[in-house]
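Asks: Got chain A; can you put chain B on it based on the hints?
Protein sequence lines, in the order shown, are assigned to chains A and B. Position in the first sequence (first residue = 1) + 6 = this note's numbering. Position in the second sequence (first residue = 1) + 93 = this note's numbering.
A hint or two may mislead.
[As the list claims (entries may be wrong)] DMTMM-like cross-link-like pairs, simulated, lysine to aspartate or glutamate; straight-line CA separation at most 25 Å:
#1 B:190 to A:34
#2 A:9 to B:154
#3 A:63 to B:122
#4 B:190 to B:103
What the hints contain is simulated information worked out from the structure, not anything from laboratory work.
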Amino acid sequence: DVKVTQSSRYLVKRTGEKVFLECVQDMDHENMFWYRQDPGLGLRLIYFSYDVKMKEKGDIPEGYSVSREKKERFSLILESASTNQTSMYLCASSLVLRTSEQYFGPGTRLTVT
Amino acid sequence: AQTVTQSQPEMSVQEAETVTLSCTYDTSESDYYLFWYKQPPSRQMILVIRQEAYKQQNATENRFSVNFQKAAKSFSLKISDSQLGDAAMYFCAYRRKGNTPLVFGKGTRLSVIA
Numbered sequence: 007d008v009k010v011t012q013s014s015r016y017l018v019k020r021t022g023e024k025v026f027l028e029c030v031q032d033m034d035h036e037n038m039f040w041y042r043q044d045p046g047l048g049l050r051l052i053y054f055s056y057d058v059k060m061k062e063k064g065d066i067p068e069g070y071s072v073s074r075e076k077k078e079r080f081s082l083i084l085e086s087a088s089t090n091q092t093s094m095y096l097c098a099s100s101l102v103l104r105t106s107e108q109y110f111g112p113g114t115r116l117t118v119t
Numbered sequence: 094a095q096t097v098t099q100s101q102p103e104m105s106v107q108e109a110e111t112v113t114l115s116c117t118y119d120t121s122e123s124d125y126y127l128f129w130y131k132q133p134p135s136r137q138m139i140l141v142i143r144q145e146a147y148k149q150q151n152a153t154e155n156r157f158s159v160n161f162q163k164a165a166k167s168f169s170l171k172i173s174d175s176q177l178g179d180a181a182m183y184f185c186a187y188r189r190k191g192n193t194p195l196v197f198g199k200g201t202r203l204s205v206i207a
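Next comes chain A alone, as it looks inside the complex (with noise of 0.2 Å):
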């Protein structure tokens, strides 16, 4: 079974630090994903990856910046976190096929005070 992990189920961090989310996947995946999820708003992509050291910006990549260093790990940066990042951050990965679901990791709820 593939296996996606968040290095954190439940963060809080004060306004202005600096936040690292960490995600992990078992399964030799290409493609990498981070969404926040807000109620009322569904899944928002904020960044992705298809390849180490390659990204993509998504629909809100502000404030936000990604790091793929190894094909297995995708970090998602907080340069300075803010109270309006509070949310729940979901990492996923893929296979580059025609009909590849995504795999999601069980989520980060972070709260910026």
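Replies: Just chain B, lined up with the frame of chain A:
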């Protein structure tokens, strides 16, 4: 840009009954893929069912089936014999051809009443 609309923020169904969740999407593509994902409370999102746009036949997975109407750009999910474990957020998602990310709807919260 492609958009996915789920017009029912919340739905409820009696246990053992059938419920249909609606999804419409907007695209100018002819080849694409559609998905329904389920997110149980405090649990990971999992794939329920997928449909390839070029296939006429509606996809079926056990108690879950879709009604894919390509011309109407509609992709509804039918859950038969609803069970308590079906209670979850359901997200409809679209992906166009190629190595592209999913576009999600805003979700429908399904409650199952015993």
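Asks: Which numbered conditions among the earlier hints are violated in the structure presented, ordered from lowest to highest?
Replies: Failing hint: just 4.
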